[in-house]
Amino acid sequence: AQSVTQLGSHVSVSEGALVLLRCNYSSSVPPYLFWYVQYPNQGLQLLLKYTSAATLVKGINGFEAEFKKSETSFHLTKPSAHMSDAAEYFCAVSFPGGSYIPTFGRGTSLIVHP
Amino acid sequence: EPEVTQTPSHQVTQMGQEVILRCVPISNHLYFYWYRQILGQKVEFLVSFYNNEISEKSEIFDDQFSVERPDGSNFTLKIRSTKLEDSAMYFCASTHTGLAKNIQYFGAGTRLSVL
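Chains as they are written, first to last, in this note's numbering: chain A, 1 to 114; chain B, 1 to 115.
Next comes chain A alone, as it looks inside the complex (with noise of 0.2 Å):
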């Protein structure tokens, strides 16, 4: 079965700072990743996604996420926060040529210190 779990219910960072906000996927196959993002009174808004091609994926808002099968990681990174990146973050696994339907992870709350 497939899973996702995201270290840390809440990450701080000061405005400026790099924002990695960490998650490990559990597939017996090769899978979709995703990462969303929620801002608040908001629905879930999507980042970016890995669907077996380029390793190092690059998404909306300067974010990008790197997926390591080794370590069967896909951890979202930023080189430097914007107090308009304060959200809950998402990571999420899917099968392709499944259902589609994606597992989601705890979610990570990001705080953006000015």
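Be aware that one or more of the hints could be misleading.
Listed below are the simulated DSS-like cross-link pairs for lysine-lysine, each with C-alpha atoms no more than 25 Å apart in a straight line [said to hold, decoys possible]:
1. B:Lys42 / A:Lys69
2. B:Lys42 / A:Lys49
3. A:Lys68 / A:Lys58
4. B:Lys57 / B:Lys78
5. B:Lys42 / B:Lys78
6. B:Lys42 / A:Lys68
7. B:Lys42 / B:Lys83
8. B:Lys57 / B:Lys42
9. A:Lys49 / A:Lys68
Bear in mind the hints are in silico, worked out from the structure with no lab data behind them.
Quantities reported herein were computed from a predicted structural model and do not represent experimental measurements.
On the provided structure of chain A, position chain B as indicated by the hints.
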């Protein structure tokens, strides 16, 4: 940019009452989904719907729940007799077909509060 819209944004109901949560998926999408997120917990899949029938459902989606596409634009989730534990954020999502199925577009959600 087309988006999934959900109404209402917040629904308060008494335990035992029926509620209907409404969603308007993106117009050319063919697959529709409901998810829920209990406060502080994961986003959980409830049900998927294609070609006017349920294509997949989770263990959470019991006989208390039903879905319907009453017309060409709306997709609804009905909870027949709400329980306290149904209090959660409910998200609707839609996707296109083929490889585009792996990209789900979510609405802003309906917060259901059962008192």
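task: Give me the numbers of the hints this structure contradicts, sorted from smallest to largest.
output: The structure conflicts with no hint, since it agrees with every one listed earlier.
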